[in-house]
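Peer 1: Residue numbers (our numbering), protein chains in the order written: chain A, 9 to 296; chain B, 6 to 366.
Think of the hints as simulated: they come from the structure by calculation, not from any bench.
Watch out, some of these pointers could steer you wrong.
Stated by the list, open to error - Computed footprint of chain A on chain B; a stretch qualifies when at least three of its residues, placed anywhere within it, have a C-beta under 8 Å from a C-beta of chain A: (1) 182-193; (2) 200-214; (3) 292-303.
For glycine and all other residues, C-beta sits at the position ideal for the given N, C-alpha and C.
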Amino acid sequence: MDSKAGFQLVDTTFRDGEQSAGVVFSTEEKINMAIALDRAGVTWIEAGTPAMGQEEQETLRSLLALPLRATLIAWNRAELADIRASLDCGFSCIHVSLPVSDLHISQKLKKDREWVIQQLRTALQLVHSYGCTITVGAEDTSRADSDFFLQFADVAAQYGATRIRFADTVGCLDPFMTFDRLQNIVKRCSLPIEFHGHNDFGLATANTLAAFQAGVQFASVTLAGIGERAGNASLEEVVASLEKFYGYHCGIEASHLSSLADLVAKASNRPLFPYRPVVGSVCRMTMQ
Amino acid sequence: MRQMVMVSDQTINEALRLGTSMADIELMIPILEKYEITNIDVSLRYLPSDDVPKQILLNPLLRCKIHSSLGEIAKVKQMGFSKVIVSWFHQQSQLSLDQLADALAAVQEFAQEIYLCIENAEDLSISELTSYWPLLSRYRVKRFIYQDVRSSLEPLGICRKLESLQQTVPCPMEFHGHNTYGLATANSLAALRSGVQYVAVAVSGIGSPNHAAMEEVLMAVKHLWKQDQVPSGSSLTADCIEILSYMGISLPVDKALIGRDVFAHESGIHVDGITKNPLLYEVIQPEEVGQTRQLIIGKHSGTASLKIKFLQWNLELDQTEALELLEKVRRLASVQKRPLSDLQLHQLYWQRNQMDHSQLG
Numbered sequence: 009m010d011s012k013a014g015f016q017l018v019d020t021t022f023r024d025g026e027q028s029a030g031v032v033f034s035t036e037e038k039i040n041m042a043i044a045l046d047r048a049g050v051t052w053i054e055a056g057t058p059a060m061g062q063e064e065q066e067t068l069r070s071l072l073a074l075p076l077r078a079t080l081i082a083w084n085r086a087e088l089a090d091i092r093a094s095l096d097c098g099f100s101c102i103h104v105s106l107p108v109s110d111l112h113i114s115q116k117l118k119k120d121r122e123w124v125i126q127q128l129r130t131a132l133q134l135v136h137s138y139g140c141t142i143t144v145g146a147e148d149t150s151r152a153d154s155d156f157f158l159q160f161a162d163v164a165a166q167y168g169a170t171r172i173r174f175a176d177t178v179g180c181l182d183p184f185m186t187f188d189r190l191q192n193i194v195k196r197c198s199l200p201i202e203f204h205g206h207n208d209f210g211l212a213t214a215n216t217l218a219a220f221q222a223g224v225q226f227a228s229v230t231l232a233g234i235g236e237r238a239g240n241a242s243l244e245e246v247v248a249s250l251e252k253f254y255g256y257h258c259g260i261e262a263s264h265l266s267s268l269a270d271l272v273a274k275a276s277n278r279p280l281f282p283y284r285p286v287v288g289s290v291c292r293m294t295m296q
Numbered sequence: 006m007r008q009m010v011m012v013s014d015q016t017i018n019e020a021l022r023l024g025t026s027m028a029d030i031e032l033m034i035p036i037l038e039k040y041e042i043t044n045i046d047v048s049l050r051y052l053p054s055d056d057v058p059k060q061i062l063l064n065p066l067l068r069c070k071i072h073s074s075l076g077e078i079a080k081v082k083q084m085g086f087s088k089v090i091v092s093w094f095h096q097q098s099q100l101s102l103d104q105l106a107d108a109l110a111a112v113q114e115f116a117q118e119i120y121l122c123i124e125n126a127e128d129l130s131i132s133e134l135t136s137y138w139p140l141l142s143r144y145r146v147k148r149f150i151y152q153d154v155r156s157s158l159e160p161l162g163i164c165r166k167l168e169s170l171q172q173t174v175p176c177p178m179e180f181h182g183h184n185t186y187g188l189a190t191a192n193s194l195a196a197l198r199s200g201v202q203y204v205a206v207a208v209s210g211i212g213s214p215n216h217a218a219m220e221e222v223l224m225a226v227k228h229l230w231k232q233d234q235v236p237s238g239s240s241l242t243a244d245c246i247e248i249l250s251y252m253g254i255s256l257p258v259d260k261a262l263i264g265r266d267v268f269a270h271e272s273g274i275h276v277d278g279i280t281k282n283p284l285l286y287e288v289i290q291p292e293e294v295g296q297t298r299q300l301i302i303g304k305h306s307g308t309a310s311l312k313i314k315f316l317q318w319n320l321e322l323d324q325t326e327a328l329e330l331l332e333k334v335r336r337l338a339s340v341q342k343r344p345l346s347d348l349q350l351h352q353l354y355w356q357r358n359q360m361d362h363s364q365l366g
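The following block holds chain A by itself, in its conformation from the complex:
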């Protein structure tokens, strides 16, 4: 299908992955993983959050200095100071994130929908004025009103955003809910959608595939599914499944999957579970 022809993965191992409790990657590990991801054919790498401070910014500058084909993305809250930190690092692809569920808006931000839209405008105006590529994240979309998400996407589109992230922030979707919800939204959304799944019930890969079938054009993944709480959709599972079930090659070489997972296992000091899909030792054995 045409809508699936451009399906691409956005690796967020360095951002959402490293945010998992207790994990710290060194600059050298990030450089090695970035090179390996690039070689494997990953085209989008969410590299980190410059607002975290000087040390993080130095790491990010060394990543930006690498001769990669992949585009590096800086993650930002919709705060001008955060965005300026990203611009100062030299990023030309900027991700701006705001929550869209009423739960997050009222209880975390203590604001309202109008404020969120205004904040998005202010933030994107700044990014736009620097001529950067813009991607926008809608936190907690799975628990948000779809119409508000679409309105939020419209505003992002006005400032030239290239895609909008539908985040299942707490991992509360199953593949059927994901498919139904996205099939409906994809047709009405002014921007291409990136599905961002979490694995709280072990469904992140399945939800990502359901999103693919519903016609979304991007999905966030991390190496070995490392990420907040039970993690994100894993790059290896999504890449292997896309090939196995739909004959779709997303540009990432399956032969690199095991070594990529080994790299992150070592850097995060989290050995791979032998029964882990695709890359676990028992699984590799039974796949042969």
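For chain A, the structure is supplied; the task is to place chain B on it using the hints.
Peer 2: What follows is chain B alone, placed relative to chain A:
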């Protein structure tokens, strides 16, 4: 929709494959029984030929899985099993089902319950599967087990296929999925959604090949589908860890629901949110699965996290203090490549305070 879910355990079978002692297996079974499992499947080939204790063999939940050979049938009969799964691999070249029919007839002579499992059911068309239906009626097969031995299914597809099969199958169906591609939990949920009531699971998805994780299937049905007849998960984490410990298996810290760190929060945004309302970043409360929430101070912490952490020790940080401390925390976490211990936090705090004191003096 009230979705019934009955699970067939595959954990014990993996314990047998790994050579876990019978004494330990006896300890594992009562823990599994808390989760209202309907069956415990064991493969004849993994059972030791002699020293299986009577109390295990006589457990009414036990089903023995065999192939269609007369030798295996004789063995399973001699061991005294009354529930038998005849497992069959469909060959495209097979001319008739006579061998399978003979096996089912032989098992029928002694077994109280017969189950037929087609291991590679996913490879078969609806009409090929339908050709097995007469055997199900003739040998009074209790359930037809649809196995996906090569993990060749994805949830949206399997749901449609199982819905269609249930129109004609003469007995209840059971779904036995595998997890090579990470889809087994989703596939099991798809089977349940299609109306199948029985699914094969193993604690944390173990098995060779691996399975749907018991804790994920049960808790997804309980919390995502809001089906409250599913057993309580209030001791789920400890139970799963204990079961795995008998096999010498340790869980990954991020294993969904039962991993050590799945309710641990470090990043500033998340900790700030969790403090305002845990629902912001937790889909269920940790207590629902017998866990507790943890606040980790590390590279991704924010000032709010530090203030909350120190408040637990009755120390109130102002914003300047928090910012100063945060910088040191981030640096130390980066250097040591792990979060800070409580002791380290105390040290940083008191170092700073002494410095202030000396400056004042």
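Peer 1: Each hint should be assessed against the structure and marked as holding or not.
Peer 2: Going through the hints against the structure:
Counting residues of the region 182-193 of chain B whose C-beta sits closer than 8 Å to any C-beta of chain A gives 8, which meets the bar of three, so the coverage hint holds. Counting residues of the region 200-214 of chain B whose CB falls under 8 Å from any CB of chain A gives 6; the rule of at least 3 is met. Given a C-beta distance limit of less than 8 Å, the hint that chain A covers the region 292-303 of chain B holds, as 3 residues qualify and 3 suffice.
The structure meets every hint from the earlier list without exception.
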